[in-house]
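Now for the letters of each chain:
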Amino acid sequence: MSRAVSTRRKAITTAAAWTIGLAIFFPILWTIITSFKTEAEAIASPPSLFNFHWTLENYFAVQERSNYFRHFWNSVVISLGSTLLGLAIAIPAAWSMAFVPTKRTKDVLMWMLSTKMLPPVGVLIPIYLMFRDTGLLDTRIGLVVVLTLINLPIIVWMLFTYFKEIPGEILEASRMDGATLRSEILYVLTPMAVPGIASTLLLNVILAWNEAFWTLNLTAAKAAPLTAFIASYSSPEGLFYAKLSAASTMAIAPILILGWFSQKQLVRGLTFGAVK
Amino acid sequence: MKLTYRALMGACAVAALSTGATAETITIATVNNGQMIQMQGLTDDFTAKNPDIDVEWVTLEENILRQRVTTDVATKGGQYDVMTIGTYEVPIWGKQGWLVPLSDLPESYDADDILPAIRGGLTVDGELYAAPFYGESSMVMYRRDLMEAAGLEMPEAPTWEFIGEAARAMTDRDAEIYGICLRGKAGWGENMAFLTAMGNSFGARWFDMDWKPQFDTEAWANTLNFYINLMTDAGPPGASSNGFNENLALFQTGKCGMWIDATVAASFVTNPAESTVADQVGFALAPDNGLGKRGNWLWAWSLAIPAGTQKEEAAKKFVEWATSKDYLELVAAKDGWANVPPGTRTSLYENPEYAEIPFAKMTLDSINSADPNNPAVDPVPYVGVQFAAIPEFQGIATAVGQQFSAALAGTTSVEDALANAQNLATREMTRAGYIK
Chain A
217 MSRAVSTRRK AITTAAAWTI GLAIFFPILW TIITSFKTEA EAIASPPSLF NFHWTLENYF
277 AVQERSNYFR HFWNSVVISL GSTLLGLAIA IPAAWSMAFV PTKRTKDVLM WMLSTKMLPP
337 VGVLIPIYLM FRDTGLLDTR IGLVVVLTLI NLPIIVWMLF TYFKEIPGEI LEASRMDGAT
397 LRSEILYVLT PMAVPGIAST LLLNVILAWN EAFWTLNLTA AKAAPLTAFI ASYSSPEGLF
457 YAKLSAASTM AIAPILILGW FSQKQLVRGL TFGAVK
Chain B
6 MKLTYRALMG ACAVAALSTG ATAETITIAT VNNGQMIQMQ GLTDDFTAKN PDIDVEWVTL
66 EENILRQRVT TDVATKGGQY DVMTIGTYEV PIWGKQGWLV PLSDLPESYD ADDILPAIRG
126 GLTVDGELYA APFYGESSMV MYRRDLMEAA GLEMPEAPTW EFIGEAARAM TDRDAEIYGI
186 CLRGKAGWGE NMAFLTAMGN SFGARWFDMD WKPQFDTEAW ANTLNFYINL MTDAGPPGAS
246 SNGFNENLAL FQTGKCGMWI DATVAASFVT NPAESTVADQ VGFALAPDNG LGKRGNWLWA
306 WSLAIPAGTQ KEEAAKKFVE WATSKDYLEL VAAKDGWANV PPGTRTSLYE NPEYAEIPFA
366 KMTLDSINSA DPNNPAVDPV PYVGVQFAAI PEFQGIATAV GQQFSAALAG TTSVEDALAN
426 AQNLATREMT RAGYIK
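Protein sequence lines, in the order shown, are assigned to chains A and B. Following the numbering used here, the numbering of the first sequence begins with 217 at its first residue and continues without gaps. Following the numbering used here, the numbering of the second sequence begins with 6 at its first residue and continues without gaps.
Hints may be right or wrong, so weigh each one.
Unchecked claim - Just a few of them, taken from the derived set where beta-carbon distance is under 10 Å, the chain A residues facing chain B:
(1) 258
(2) 260
(3) 315
(4) 337
(5) 350
(6) 353
(7) 369
(8) 432
(9) 433
(10) 436
(11) 448
(12) 451
(13) 457
What the hints assert, rightly or not - Here are the simulated lysine-lysine pairs, DSSO-like style, with alpha carbons at most 30 Å apart:
(14) 332(A) - 81(B)
(15) 438(A) - 54(B)
(16) 366(B) - 339(B)
(17) 217(B) - 100(B)
(18) 100(B) - 316(B)
(19) 438(A) - 322(B)
(20) 366(B) - 217(B)
(21) 54(B) - 339(B)
(22) 438(A) - 81(B)
(23) 380(A) - 480(A)
(24) 190(B) - 260(B)
(25) 438(A) - 316(B)
(26) 100(B) - 54(B)
(27) 332(A) - 226(A)
(28) 438(A) - 226(A)
Derived by calculation from the structure, the hints in this document are not laboratory data. Note that this is a predicted model, so its numbers are computed, not measured. By construction, the Cβ of each residue, glycine as well, lies at the ideal position given by its N, Cα and C atoms.
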């Protein structure tokens, strides 16, 4: 009897999970489907889900008009660059906060997080002027620096959470064996925290990939990533929904595939942080 | 032999260096409108005529572009050499000294050929600060079949009373046909563009000569009441979230009897590849109320050169090319006269081939009937037909637009919306120092 209840409960939970999952995924699915319609079919009322003339014309039109691969490469460099630079700064910072805490550690962590509460537009002009004077406008290196600084609090927080789970005694033992601070972080702590570092890396790559305020405001032609590629297909005066959908699908496809293959690490990373 | 080889190599190196030294890349910021994308596709013609200039395009959504180029021009960031801006920005930026004057364009450019209404909107203190790429006004687009079925005939210059009567007669809610589709989405360039122009024909204005907001006048009450009643009786459901694109989709799928909006929409609604009602569309001037002003606006997407550019000469060559008579002929040869950027040059409307386009005359008449320097029935201290060209307008008009959109959605009354609009506009204008 209890087995039957358990099966029924499982079925309900599974159905609920699939329903919620599909509801969340539906806008992406709709975007992908629309990208295969003509512009006229994209605005048809009532809209058709699958019963229409499938076409690749929007993808050809987008490819003809824009240099997708330049935008894609900029996105790769900016998101990976900012995440790796962020990790290089955050690993030692999180180590010190997790294993050598002071009475101010909690305050420092909260202060770091508080920088995320500032609306970015509030510092747009000062940063723009600094970038102008240092020649960093429309450069990938400029965006790597800005996105590193923006995501650093999240990276430090996530790594701090992981490092707290690692027994300090192991690090002490390595010190007893004569490990230097550098060796301790590189050869003892980092290998043990690889799952945590991997999920932090993945989450921050996604955050940097999707960042659309600074990447739009600090770039023009040379360093513009895929966010600018999408923005170039949106128009308040013209119905280009099918082309916009094709551009969006091309922009999200790489990160969607990355997310699909690394979902275990991602979920672990997200839930790990959530319960802390 | 060795000497000849060396001389040749030397010559090649000098040639390569000199090419590298003179080749310039200009960056052009533009919006994702059909005509701009067409221009992007014709870049080869420009680079063929100017082999020493390369062109980089930055195409962005209109609001993002506006924010982006404003930041750049105000800080003299120098990211762009040519910017696509509208008649709202040109007077403000020209006055600030943020734009390069274009009064020294060569005689062959024939600046006197630019339509006077458009040129007036791009000129500050006698200096032309931007060259118009395409101009637009607003007009009535209507379904001839539905009008006929309602037993009515659209005059060339209708009144608001006729529009109201026709909209109600054409409405058939069971068949999902709505007599009129108008902008309802909040925003200074959305519902407020339409309502400001409509207000002009009802005798309303944004400010009196002392910059005092005028939403507490009878003229504004009449404007807003007429609009809300009309949309309630004959408008589509959810109209408070409809902008240009939403109404275009409704009209193209046969759900609107009439649509009053940008003249540039004419080529979309008459294109059989996009519109199911392409062969049934008629055009008329924007309505009036017999007060001497019509409810149409005036806008020109224009090319301007920011004062921070290091490549002024190359940028000027591009602006000259893109807004020239030759460019119009280039587009006509490639895509046909119906797809030529409209509303900028007198000579285009004198061209007999262009005169055959069904919406050509109506577009020109609409543009000519708008006067940015004298937009309302009563005198005003500002320039602009559907806007007031002051920096504060965007913020104030968007907030007022939210009030009017809420009135259309039924979440607030017309009286409250107008009172709130008056209060917030007075507060902001006082803060900005216009009201002493």
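Going through the hints against the structure:
1. 258: Holds, because the Cβ-Cβ distance from residue 258(A) to chain B comes to roughly 9 Å (cut-off 10 Å).
2. 260: 7 Å, holds
3. 315: Since chain B brings no Cβ nearer than about 43 Å to residue 315(A), farther than 10 Å, the hint is violated.
4. 337: 9 Å, holds
5. 350: Result: violated, 12 Å to nearest chain B Cβ.
6. 353: Since the shortest Cβ distance to chain B is 6 Å, the answer is holds.
7. 369: 25 Å, violated
8. 432: Check passed: Cβ of residue 432(A) comes within 6 Å of chain B, closer than 10 Å.
9. 433: Interface hint status for residue 433(A): holds (6 Å vs cutoff 10 Å).
10. 436: OK, holds: residue 436(A) within 10 Å of chain B, min 4 Å.
11. 448: Holds, about 4 Å.
12. 451: 4 Å, holds
13. 457: For residue 457(A), the interface hint holds, since the closest Cβ of chain B sits about 8 Å away, which is under 10 Å.
14. 332(A) - 81(B): 28 Å, holds
15. 438(A) - 54(B): Holds - the C-alpha atoms of residue 54(B) and residue 438(A) are around 24 Å apart, at most 30 Å.
16. 366(B) - 339(B): Holds - the C-alpha atoms of residue 339(B) and residue 366(B) are around 22 Å apart, at most 30 Å.
17. 217(B) - 100(B): Measuring from Cα to Cα gives roughly 23 Å; hence the hint holds.
18. 100(B) - 316(B): Distance ~22 Å between residue 100(B) and residue 316(B) Cα, so the pair holds.
19. 438(A) - 322(B): 22 Å, holds
20. 366(B) - 217(B): 38 Å, violated
21. 54(B) - 339(B): Distance ~17 Å between residue 54(B) and residue 339(B) Cα, so the pair holds.
22. 438(A) - 81(B): 18 Å, holds
23. 380(A) - 480(A): Satisfied, since the Cα-Cα distance of roughly 21 Å is no more than 30 Å.
24. 190(B) - 260(B): Distance of about 18 Å is within 30 Å: holds.
25. 438(A) - 316(B): Between residue 438(A) and residue 316(B) the Cα gap is close to 17 Å, so the pair holds against 30 Å.
26. 100(B) - 54(B): The given pair, whose Cα atoms are some 33 Å apart, is violated under the 30 Å limit.
27. 332(A) - 226(A): Roughly 39 Å between the alpha carbons, so the hint for residue 332(A) and residue 226(A) is violated.
28. 438(A) - 226(A): 52 Å, violated
Against the hints set out earlier in the document, violations occur for numbers 3, 5, 7, 20, 26, 27, 28.
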